[in-house]
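Asks: Chains as they are written, first to last, in this note's numbering: chain A, 1 to 346; chain B, 1 to 346; chain C, 1 to 346; chain D, 1 to 346.
The reader is advised that the hints may include incorrect statements.
Note that identical chains are pooled: a pair holds if it fits in a single copy or bridges any two copies.
With a straight-line Cα cutoff of 16 Å, these simulated EDC-like cross-link-like pairs (lysine to aspartate or glutamate) come out [stated by the list, open to error]:
# : residue 1 : residue 2
1 : K44       : D190
2 : K91       : E119
3 : K44       : E280
4 : K44       : E278
Because the hints were derived from the structure by calculation, they are not lab data.
What you are looking at is a predicted structure, and each value in this text was computed from that prediction instead of being measured.
4 protein chains.
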Amino acid sequence: MLKVGIIGATGYAGGELVRLVSNHSELEISFLDSRSYASVEYSKIYPNFKNIVDNKCISINLEKDLDEIDVFFIALPHGLSQGLVKKILEKNKKVIDLSADFRLRDVDTYEEWYTVKHEAKELLVKAVYGLCEIYADRIREADLVANPGCYPTSVILPLYPLLKERLIDSDIIIVDAKSGVSGAGRSVKDANLFSQCNENLRAYGIGTHRHTPEIEQELSTAAGKRVMAQFTPHLAPMTRGILSTIYLTNNKKVKAREIRDTLEYYYKNQQFIRILEEGEYPQTKAVYGSNYCDIGFKMDERTNTIVVVSAIDNLVKGAAGQAVQNMNLMFGFDIDEGLKQPPVWP
Amino acid sequence: MLKVGIIGATGYAGGELVRLVSNHSELEISFLDSRSYASVEYSKIYPNFKNIVDNKCISINLEKDLDEIDVFFIALPHGLSQGLVKKILEKNKKVIDLSADFRLRDVDTYEEWYTVKHEAKELLVKAVYGLCEIYADRIREADLVANPGCYPTSVILPLYPLLKERLIDSDIIIVDAKSGVSGAGRSVKDANLFSQCNENLRAYGIGTHRHTPEIEQELSTAAGKRVMAQFTPHLAPMTRGILSTIYLTNNKKVKAREIRDTLEYYYKNQQFIRILEEGEYPQTKAVYGSNYCDIGFKMDERTNTIVVVSAIDNLVKGAAGQAVQNMNLMFGFDIDEGLKQPPVWP
Amino acid sequence: MLKVGIIGATGYAGGELVRLVSNHSELEISFLDSRSYASVEYSKIYPNFKNIVDNKCISINLEKDLDEIDVFFIALPHGLSQGLVKKILEKNKKVIDLSADFRLRDVDTYEEWYTVKHEAKELLVKAVYGLCEIYADRIREADLVANPGCYPTSVILPLYPLLKERLIDSDIIIVDAKSGVSGAGRSVKDANLFSQCNENLRAYGIGTHRHTPEIEQELSTAAGKRVMAQFTPHLAPMTRGILSTIYLTNNKKVKAREIRDTLEYYYKNQQFIRILEEGEYPQTKAVYGSNYCDIGFKMDERTNTIVVVSAIDNLVKGAAGQAVQNMNLMFGFDIDEGLKQPPVWP
Amino acid sequence: MLKVGIIGATGYAGGELVRLVSNHSELEISFLDSRSYASVEYSKIYPNFKNIVDNKCISINLEKDLDEIDVFFIALPHGLSQGLVKKILEKNKKVIDLSADFRLRDVDTYEEWYTVKHEAKELLVKAVYGLCEIYADRIREADLVANPGCYPTSVILPLYPLLKERLIDSDIIIVDAKSGVSGAGRSVKDANLFSQCNENLRAYGIGTHRHTPEIEQELSTAAGKRVMAQFTPHLAPMTRGILSTIYLTNNKKVKAREIRDTLEYYYKNQQFIRILEEGEYPQTKAVYGSNYCDIGFKMDERTNTIVVVSAIDNLVKGAAGQAVQNMNLMFGFDIDEGLKQPPVWP
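Bound-form chain A, shown alone (with noise of 0.2 Å):
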């Protein structure tokens, strides 16, 4: 069994990570850390796992409590888990960061949209960007794995192979996204409230979002070249699950086919993405509480765009999910190890 630390478990992505890591037959949970909670019983502040987890929150000292441990997971704001990172590597642990901190490789980028000084920079060619489907073989080797965001996700999924493929050839590639509210995390403020979210929905940070240069590096890998996203997030009155609507000009006239081949032959062996068929479209009730990512798409001849739909979990395939699935890549457990719950319906 293999020894896991999380470091900043209460937050959401922390309570996923607790809860799948208790599925998991290969793993152990060795501390759950929590600055504001130290000494509290974790099921205190997470109820669903009374008898299930009887660990106490600690607050850990990275100096001597590292030795024992196989794996960490840093579930932290950005900003905060580099100095964490460093430690964890010189110990020559391996290290799941699930923060943003890692996932830009140009240092100046990441400073001027998250707009703190990064102190680890060092670090930065040693991290592999953890998207499972596209990375595998170099996370299987990492150290460190810098875990994809929750949008991002959601978006370089389905386009990656497109752009690829050359079947587009966008210069801006137009994104709506929608996403539950436990995106937000669980910071207490007026703007999270149930009476505010409940029966509403709103755009936010249009063209500002954090995790546009993320999208943005990855969508230009894919194509080679420069590409730009606009980015336009909104808040959906529902706690999981992240619907990206993607507009693509169909400038190479490509058929619906040769979109679906593509898609198909680039996840054909993957099992947590779905391409959907013609006519159907994702929907985030069906992959609730899963793993999974649903990818469809419409070409409307009319127009001549093709829009392309996905839809995952945001704190599982968005984050807590992904994070276990990279680790079972980084020990070569099963991909699917403390994965395989079917999505929660209805």
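Assemble chains B, C and D onto chain A, guided by the hints.
Replies: Chains B, C and D alone, transformed into the frame defined by chain A:
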């Protein structure tokens, strides 16, 4: 007091008409027609109206029941109002039709998208498209008003001024619209069940929704040339509200100031249109239960895109509220009579 | 036009007061007080009021800002209104206090349940408990009205007539009440987050909720003897609404007819009370956004139990609506002025 | 691997069975029966199962399709399983029936409350009431298990020990239960529409719900005397979950300690029952998607009432999960096989 007859009073648009008409100082409900609920007390179907509306539903006979009515609202599914409208106009009465039957000026387009024959094409020339803020003058003179669809209202109101003033010169406009479930009406089908819609978000009818030609008709009118809309509707887990996010290429390099000035100029005397300030975006809760249309936008310089966002209550500004506003114009009442209550928040 | 000042205008009850007052033909808002949002435009906090309410919040100074105001609403948390009320009454102004501070006639009970000292006990004799349908005569004469709590309103209205007429002779009455999340106010805490409340239902404060003595005070008054309430509140995943299900032992073997006759007799001229027919039970949606209280009941002969169910909108009849109704009584306006809009359905 | 047949696989309980069975290490789905969807791919009805369950629905013929199946689950509405069960037992196969048909030992009670004739009364003596934590020994030997109803499960589990140990001596017990909408099944009717259920809470079937005699049968068994339940179900605006709040007069002056000790003693080896600590109350989210039943209580000394609260997921512990747990008992598998995933939060 004007005597009002509502035909098709038991759908959601019908119910909303009753709510607004019953609170209108110049109106009195004469009959509530419903084939399926004939002789049932209306407040048994809509318990909110207990002790407020004491009508029983009737199944009207237009040969005899017409004479004492001053104005008719028809809230039937498309295809059912054509014969009724003919009879009403023959008696020199005024009618606001909430169905799609008289919205499209081109009968072939109607028959193609709605896949039914139009049985009253000769009346199409008499019909005025009832978008109050744009066609007020013609509505004042009209006997037959075709009340706009919910999605089209949310799309045309923000775009009309921009196209009319040639600030945008697109042939194709991308519209990503999200609607509450009441937009699907009271039709009893699996897809509208609570357990299916709750915690779920999905796209549907991509590129094939029947509101597409209605949107295109009006945008083309504004632009003075053929404009197409790539229209993708979504179902969101809420009862009321439409949020439309519209993507325009800034191919004429206009400034934010010009967009703002144009919208403000067009709507400066239109109390139901609210232009939000820079950095503010519409949210459906801010218009809940009211006749407002909120409009915001963002110039995304990086991607050279103008993102326009609008919010309406689909049952009020998108249906019954706009119908009452049309009637206010037709009979010379204050434009906001019956529509004064502020939105309900939270 | 009466000049109105609202103290504590930025909580949910305050926001609802603004909604109702802004639509009241005899009232004009003079100021909206908020310590935390002083000098912020009110419509920045509540975007539904854009272009409707153009006030900026102020932090009032009661020494100087009092003179030109005709009536005050106070919507502060308990403990904060006592000094304000004193100053207002000294200036011979009328005040409706929505807090709990003047609801309990017995100061010891207040201090025990609210665990604060009462700083204005001498005013308790002047305070009238503002349950409009029961105490209208006294309210008309009052300068200080203590607006009832949301849960108590939903419990006392259906039970008062039954206890007064001695149809029930219980010492202990069981009240199982379910509230929407807006009842918890706008306080920003973990338990009120969307992701925590959505798809969740829970009991809280069993036997210890502060509304218990308020319920007992009024039920005891009605019964002419000490009556206790076993009061169990629940939080339901909705924004608005309270449904109270009340269990009474039919120890006097009354008939359904007597219950019905008594309720109908007491409330026959009370337009905001609706007694449902046999077999019909209240639902919160039927009173949404309105000042109605719906009451239904079932004689369960098998178990010798009378089950009484009531529904209100906690922010209207349970707070701001009843406050406006009280003010209508105090100033001789029509009882439904500002409260005429029908409930919003769906 | 045991071969499983699910009869009535397309209702919500059927769908949940498929979710759990597909993740059970000892089971393999042989067929999914559905009259209305025969020959439709199961994953077209439940898109969450795409690429997970590739069965097409069949309409089984019990004369020929029975032989190779090891165990049957029947998830049909009441009245439809009687003939099927007879045929299955004749072939010496084991069956878990999720309908109400074999739950009530007294056939007259069944026929009175369900208003249909029982066509297989001779089998009632063979049927074991499948409340796993209470009747495990008998279930292990059973060929026919009557899987308990959702509401009864939530009521009997917390009360059985208290009545059995004579801590309570009531003739009448008050049960106020709140259920998510999935409890009403997938039946397509107006009352289950999203727009009707969302932001709504209502009581229904007060004193007449068919789960009443089932509750009473088991409580009477426990108490060793006739016990009646005043049972009031409510519909809450959520998909899953039942919260039952139960009111008991403390007529034997027991202490909180005795209640707690008794519950803990009865359930100390029952991993799916969690007794919450003092001051903690169950919430439906803490059991979401899982087979847990959470139980808490409050001694309200003031009113001499014991308030017991329980929470289950109506589709898991209240239906499919308990059915799998029963099957685990019948075949000697680990009790939690297929039921290990922790509840989903948030």
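Asks: Check each numbered hint from earlier against the structure, then list the numbers of those it violates in ascending order.
Replies: 2
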